[in-house]
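Chains X and G are the protein sequences, given in the same order. Here the first sequence stands for residues 1 to 83, numbered as in the working numbering. Here the second sequence stands for residues 1001 to 1395, numbered as in the working numbering.
Watch out, some of these pointers could steer you wrong.
[To be verified] Listed next, the in silico EDC-like pairs over lysine to aspartate or glutamate satisfying Cα-Cα at most 16 Å (straight line):
hint	chain 1	residue 1	chain 2	residue 2
1	G	1155	X	52
2	G	1164	G	1099
3	G	1155	X	55
Derived from the structure by calculation, the hints contain no laboratory data.
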Amino acid sequence: MSASQTDIIVTLAELLCAQLPEPVAIAPDTDLISDLALESVQIMEFIVEVEDHYDIAISLEALAEIRNLDQLARLVITALDAQ
Amino acid sequence: MSLLEKFDALETTRQELLGHGTNPTDVIIERVISATESVIGGKPTIMAGTNNYLGLTFDPECIAAGKRALDESGTGTTGSRMANGNYASHGELEREIADFYGYPYAMVFSTGYAANIGTMAALVGPGDAVMLDGDAHASLFDGSKLSGATVYRFKHNDAESLDKRLRRLGDVASRTLVIVEGLYSILGDRAPLKELAEVTRAHDACLFVDEAHSLGVLGETGRGRVEEDQVEADFVVGTFSKSLGSTGGFCVSPHRALTLFRYASRPYMFTASPCPSVIATTRAALAQMRKRPELRASLWRNAETLYSGLAQLGFTLGPEPSPVVAVRMTSREQALANWQQLLDNGIYINLILPPAAPDGTALLRCSVSAAHTPEQIQRIIDAFRQLPPDPGQPA
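Chain X extracted, bound-state conformation (with noise of 0.2 Å):
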């Protein structure tokens, strides 16, 4: 794992947590739907967020792909270098 995904994971991480009622572990592996047990539309919003913090834009199909902030921080990294 590169310096750049660790860092990216934490920000994921804390852009997460900012938007859950009360703070939770999240590893990178931890999956956002079977252990957090999010709804789709707090994963909207968590997007939205993301992409406001990294100016970057993340399609609908690309997040369909997406189940943990490992996965996320990949492709943040793959739109960063897109610009």
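Following the hints, put chain G in place on chain X, whose structure we already have.
Positioned in the frame of chain X, the structure of chain G alone reads:
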């Protein structure tokens, strides 16, 4: 058979609802008494969740028009507009709806859902983009998917969020369809259309406005949010199944390309055209809506009475008074129990459970009609007053 395993989760949810002694999706309307009253469970019930905004479903002129069309043209067209189902009355309705909006071009679809997915799938495709408002209706997500375009979302009703996202798309912004609703169906809030239209124009993108819940409801003559905010959208889509009390949908546009959608829109091409009686009742209802602005005045009087009545009782409501009055509940269990108590007390409304509600909360959704009497509105308020105190709210 693994294909069927995914239905196990749905069965679990259904059993959970039944465990609460109710299943809101299985309500049977045994008899319809009027535009605002039906028989459910053997007793008269005030209907306050039907989107029958102008109360035209029992309008004598609409019913007479439907009967005449049945006698003159039969029960159905048995074909699509592209084949044997293209009747003169379809074209007449298209001219009338175009004239109503003051746009030169119109297309009529068999449902409002088909109008949304049919317009979107014809207009955008692979290599294009769709920018959806975060609270957009399911049909707009489905149309996006069907189109093959790349789909993005922006924050609900947030012109700055739209601006940022269009900027990030670079050259693709000019091949982007921005999709918003005039009046949002769950919380009853209006789009800041003027601001959203300005941002869309600044990026040379295309604006699509779904006026399903605002046709006949907003604007001086009922043309919806585009009229109220004085915006010319590239495409205005709507349904006949709410204010006009019928079924079907439409798209109007200032762009001549709309006339070619008839050869590019699969949801238009590969389905039967609307029945002659449906077209006739829709045309009669459109005429009624145009010549009776007092219907809209009654609708808003009722909406404001219900909104202020429920607000005075201490309920947390949607952001602004409108014919859609959303009442926030603390939990799914509280929403289910209250919905059932209201029905037991002769009031039918809609139950909205996560994830259908925009912010993941449970809601009781009322929709008001011009045909509700002041006594019926008061009975709805009284029924809410009788609900048990909300354990999540301060006394």
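Against the structure, the hints:
Using a Cα cut-off of 16 Å, the hinted pair residue 1155(G) and residue 52(X) holds, with the two alpha carbons roughly 11 Å apart. Our distance criterion of 16 Å between C-alpha atoms is broken by residue 1164(G) and residue 1099(G), whose separation comes to about 36 Å. The hinted pair formed by residue 1155(G) and residue 55(X) meets the criterion: a straight-line CA distance of about 14 Å does not exceed 16 Å.
Checked against the numbered hints above, the structure violates only hint 2.
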